[in-house]
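Note that the sequence shown covers residues 9 to 255 in this note's numbering.
Everything hinted at is true.
DMTMM-like cross-link-like pairs, simulated, lysine to aspartate or glutamate; straight-line CA separation at most 20 Å:
id, residue 1, residue 2
1, Lys225, Glu114
2, Lys175, Glu122
3, Lys175, Asp112
4, Lys175, Asp85
5, Lys148, Glu177
6, Lys161, Glu173
7, Lys138, Glu177
8, Lys175, Glu127
9, Lys152, Asp133
10, Lys161, Glu114
11, Lys99, Asp68
12, Lys175, Glu114
Think of the hints as simulated: they come from the structure by calculation, not from any bench.
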Amino acid sequence: MARPGLKAAPPRRRPPPLTAEEIQARVLHRDGLILVIDKPAGLAVHAGPSGAPNLEECFDDLRFGLPRPPSLAHRLDADTAGVLVLGRHPKALAKLGRLFSGRDTEKTYWAVVEGAPPEEEGAFDMPLLKVNTRSGWSVKVSSKGQPSLTRYKVLGHGPGITWLELKPETGRTHQIRVHCAAAGCPVIADRLYGTAEPNKQLHLQSHGIVLPLSQTKPPIVVTAPPPPHMLAALQACGFSPEPSPTP
Numbered sequence: 009m010a011r012p013g014l015k016a017a018p019p020r021r022r023p024p025p026l027t028a029e030e031i032q033a034r035v036l037h038r039d040g041l042i043l044v045i046d047k048p049a050g051l052a053v054h055a056g057p058s059g060a061p062n063l064e065e066c067f068d069d070l071r072f073g074l075p076r077p078p079s080l081a082h083r084l085d086a087d088t089a090g091v092l093v094l095g096r097h098p099k100a101l102a103k104l105g106r107l108f109s110g111r112d113t114e115k116t117y118w119a120v121v122e123g124a125p126p127e128e129e130g131a132f133d134m135p136l137l138k139v140n141t142r143s144g145w146s147v148k149v150s151s152k153g154q155p156s157l158t159r160y161k162v163l164g165h166g167p168g169i170t171w172l173e174l175k176p177e178t179g180r181t182h183q184i185r186v187h188c189a190a191a192g193c194p195v196i197a198d199r200l201y202g203t204a205e206p207n208k209q210l211h212l213q214s215h216g217i218v219l220p221l222s223q224t225k226p227p228i229v230v231t232a233p234p235p236p237h238m239l240a241a242l243q244a245c246g247f248s249p250e251p252s253p254t255p
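Construct the complete structure from the given sequences, taking the supplied hints into account.
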């Protein structure tokens, strides 16, 4: 207990899950309105009931001279890596909110899945319903659900696996994961809708985004490099990393 007349010390804040250098090295795009960062897999974007470390705890190191830290403009699952957009001030967040709610952005995901989809190119058009259970919640294909559409294209095949490019036209929770699983090709290491694999992370990445922020300038186009945990599977499907530029 604090001694009479003395104030108790404030609770000590835990250090953020990434250092200032680590989170700043993940900035893919920066301007006066937005930041686009490369989110690591396995880290929640915001605080949850478990109190586990989250990405928002790092945002104070992304002010870059502004009086307040940036804020999330959209969400990614904790297990998903890749492109994540932040607004640097309220005006920017309002503009981004209109873009995302109006489906004016174009999102591209990469996944490596077990097996293969029915065609080399097509669409998963299945309504999705979020259901609550005693152990938590999940999403399933249901005629009672919301319309959900994901366009896909096969980029390569490997031994029993396939590399997919996916473009969701709706933004339902866990949409890509449930659509792939329902089509018979679950994302590798999907512990909810596929097969959990010890010491393996979900093979799903938010690979790129197109943001038409201005009516007078070209849209902002940002892509993220494949995360390290997906490289072996991608290379087995024919992916070849671009060589580093010669110094």
